[in-house]
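Trainee: Residue-level listing of the chains:
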Amino acid sequence: MDTQTRQSTGRRAFLKTSLGTAGGLVLSFYLPSAGAAEKMAPAAVFAPNAYLRIAAGGAVTVVCPFVEMGQGAYTAIPMLLAEELEVDLAKVRVEHAPADEKLYGHPLFGAQLTGASASVRGAWEPMRKAGAAARIMLVSAAASTWGVEPSSCAAAQGVVTHQASGRKLSYGELAAKAAGMPVPKDVPLKPAASFRLVGTAAKRLDVPSKTNGTAKFGIDAQVPGMKVAAVAACPVFGGKLASVDDSKARAVKGVRQVVKLDNAVAVIADHTGAARKGLAALAITWDEGPNAKFSGAEWERQLEAAMKGKGQMALNEGAYAKLVEGGARQVEATYVMPFLAHATMEPMNCTVQVRKDGVDVWTGTQAAGRAQAFVAKALNVDPATVRINNFLLGGGFGRRLEVDYIVQAALIARQVAYPVKVIWSREEDMQHDLYRPLYRDELAMALDAQGKPVGFRHRFAGSAIEARYAPMWMKDGIDTDAIDAAASPYDFAHKVVEFHPVETAVPTGFWRGVGPTHNTFVIEGFMDELAVAAKADPLAYRRAVLSKEPRALAVLELAAQKAGWGKTMAPGSGMGMALAVAWGSYAACVIEVAVDPAGQVSLKRVVAAIDCGQAVHTDGVIAQIESGSVYGLTAALYGKLTLENGRVAQSNFHDYPVLRMNEVPPIEAHLVKSGEAPGGVGEIGCAMVAPALVNAVFAATGKRLRRLPVEAEQLKQA
Amino acid sequence: MAQLNVNGTTRDFEAEDDTPLLWVLREQLGMTGTKYGCGVAQCGACTVHIDGEATRSCVLPVSALNAKQKIVTIEGLSKDGSHPVQKAWAALDVPQCGFCQSGMIMAAAALLKQKPKATDADIDAAMTNICRCGTYNRVRAAIKVVAKGADPKSAGLAITHVGDHAGSKA
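Just so you know, the protein sequences line up as chains S and Y, in that order. Under the working numbering, the letters of the first sequence match residues 765 to 1482, in that order. Under the working numbering, the letters of the second sequence match residues 4 to 173, in that order.
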């Protein structure tokens, strides 16, 4: 396949897998133009676009529009640029992009966001073009210096060589002249066959700093004159601060000020030790407001009731209703997934200085543009005067797409005359998250006369996150993320997806894969049930309805083959499988478990296969499968957030446990080599494991789990 | 004014007796490599060595220490990232977000000092740190590389490519 055809089909696939944002936004790719050069620091001699600077000494800096939160963006994104620029990846310096929606907005979102497994997909073309355009200008500069044709020169490892004469000039030597060269209009890209970096297991660029203590996260921000704050917000969602007696707090040595917000109190001190002591010494009275009696159990009943009404018809293909009216046999099941916290390792924190002439924010955020806009709005200042200084993120998982902690810090900082770093305690972080919504799903499959599945109806209720976060992403008034992957990848002639958006007192937010993670769980659990009911092998049962999805079938077969699917298992042990198709990628896994008589589940092995199209950083893909698997299994085995009296009952890792080293099984990830357009990999591992787990538990125990987390109580032998 | 011996240097600091060592390191002494994760000794992000023992600094009041006890933080584990554990970590690209990794590395270094031939069971018992990115298997592999004095390539993290598409040698 030639380059041009490959690119255009790649683009179509890219659009098809987009998150439903307006197609026009794709046109807003920022490509090399002269304007950006003015914004660059003077040290940069050559800054042909917003992503790249080359200094006179030859140092190459990539300004990464996507943040690094563990997913490897600071390696994969520079790889794309370095591939075309022809520089040594290890010598590239990576810099956080400043907040600038225009320069650094994601083409899929129309905003500067890192999430939805979309960074490589968004960067795939623009970053390579940015590198290629710069290389063309550097080669032109060399050719012009020597008075030869650019086509007689070649670039490699930061040096342009005139092939006939062997003359050489480094990028550093050429940088000043390259800046004056015309910006190329036509920027051809390498065919895949010529890739030297893309598709390799390059070393991560951020590892040295993450092994010697020099990596800087938001919590590590050091600003001259800075003080630190400990904060307590009303534990009841929607509650307010009624009054606070701070006399004892003020008496704590090192405490400087006590600052009140509508719904929180902050104690500012010279050091965290004093701030926390001060916070503990406050006597706070909360006005708990209308949600003081809210409970999760009551909420589940409300969701059930809501589903008796009419939902949003997100998809209605074929004639499901007629099928049922005609007497087709239906199999039905109800699934429930709990609210979940993100529990990033780095608790929420933000440092802010409010001056007369502007505001500085130091934090780790997945949404720098949003942070800038929301701080400006909260402080009633011009967004152009708000500078977001972004840091490495000690975990994102969607939590740092939210800017609540940043706005809160700004509201505290505006009341004091110095920069203040607000650090949430783990307890505050756990109890003031924006949670993965609780979902209730009612699934039905209509069977034909031979018992084959032909009609799938998926009705579910829960929060519509997009409606709050980014209404512009909704399509026909429907949350495109909530319904993502809700129809299943399977070939059923009749499909219905009906969504009942219902909101509650509990704030909800994106959580490693939200829509597809939720939908994949219920669909893959249900498929296993159907296979069992049909007395069919779960792999064969899926294969029969995957004829139109060869990539999906291929990963499923591969995972099954590598896992030894079908082998005889010891009593109390079992294997389960699941397929996930989302974010432009295909993944499948087989999980092996053992369940003891007390109902304790041990994970024995995870075997995964992934086809993410062209893998950019192969080891990064593998790492994300490992990572997503652990995050997803943690949620499936332990993730349970309970709400009573309008507040979250859990507070720290002792009562919101997570998987640790001794519980994590070997995870094998097999990467399918592919030349298709890149797909996302940050979340699909998380999506695939929970259903494979409950299916494995069924194989081991004969007990079907339709409610997460998996609890020993459900599996205990009588 | 009190004193602590951190990474071989005696440091003066001023803090209330009940201030956890973690915050003194991070704020009074400006060494931010040691992280706050939970504050209740659950997650291990704050792990440092005190006289060679892996210790969770978030619950250790600074008054419990004297200037003779040797505190080592991630910044002092080696001058140039050359400690075998750091090298193994780099060879296997262990970190993801990296926030827990200082604690992981300090816990692993203490384990390997005590048990140079650490087994899986030793690793399970000693490495109770939390990582939300799920780097556990690479942490284990890296520790084994050090324990066995092995080539990182033998750690079993080789990538399996399956299939091929015509025309690509990527």
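One should not assume that every hint holds.
Derived, one-sided and incomplete: chain S residues facing chain Y with beta-carbon distance under 10 Å [stated by the list, open to error]: (1) F981; (2) A985; (3) V987; (4) Q1021; (5) K1057; (6) S1059.
With a Cα cut of at most 30 Å, we get these calculated DSS-like pairs of lysine-lysine [said to hold, decoys possible]: (7) Y/K120 with S/K967; (8) Y/K151 with S/K1368; (9) S/K967 with Y/K151; (10) S/K1012 with Y/K120.
These aren't lab readings, by the way, just hints derived from the structure by calculation. Just so you know, even glycine gets a beta-carbon here, dropped at the ideal spot from N, CA and C.
Trainee: Could you grab the alpha-carbon distance between Y/K151 and S/K1368 and see if it respects the 30 Å cut-off?
Mentor: Holds, because 24 Å separates the two Cα atoms, which is no more than 30 Å.
Trainee: Hey, does the S/S1059 contact hint survive, CB to chain Y under 10 Å?
Mentor: violated, 26 Å
Trainee: Less than 10 Å between beta-carbons is the criterion; does S/A985 satisfy it with respect to chain Y?
Mentor: With a closest approach of 9 Å, the S/A985 hint holds.
Trainee: Are Y/K120 and S/K967 close enough, with their CA atoms no more than 30 Å apart?
Mentor: With Cα atoms ~27 Å apart, Y/K120 and S/K967 stay inside 30 Å; holds.
Trainee: Identify whether the interface hint at S/V987 stands, where standing means a beta carbon of chain Y within less than 10 Å of its own.
Mentor: violated, 12 Å
Trainee: Would the stated hint for S/K1057 survive a check requiring a Cβ distance to chain Y of less than 10 Å?
Mentor: Violated, because the Cβ-Cβ distance from S/K1057 to chain Y comes to roughly 29 Å (cut-off 10 Å).
Trainee: Would the hint linking S/K1012 and Y/K120 be met if the CA-CA limit is 30 Å?
Mentor: At roughly 53 Å apart (the allowed maximum being 30 Å), Y/K120 and S/K1012 break the hint.
Trainee: So, S/Q1021 near chain Y? Judge it on the closest CB pair being under 10 Å.
Mentor: violated, 17 Å
Trainee: Have a go at the S/F981 hint: is there a Cβ in chain Y nearer than 10 Å to its own Cβ?
Mentor: With a minimum Cβ separation of about 6 Å from chain Y (threshold 10 Å), the hint on S/F981 holds.
Trainee: Sort out whether Y/K151 lies within 30 Å of S/K967, counting only the CA atoms.
Mentor: Given that 30 Å is the threshold and the Cα spacing comes to 23 Å, the pair holds.
In summary, the structure is inconsistent with hints 3, 4, 5, 6 and 10 from the numbered list given earlier, while agreeing with the others.
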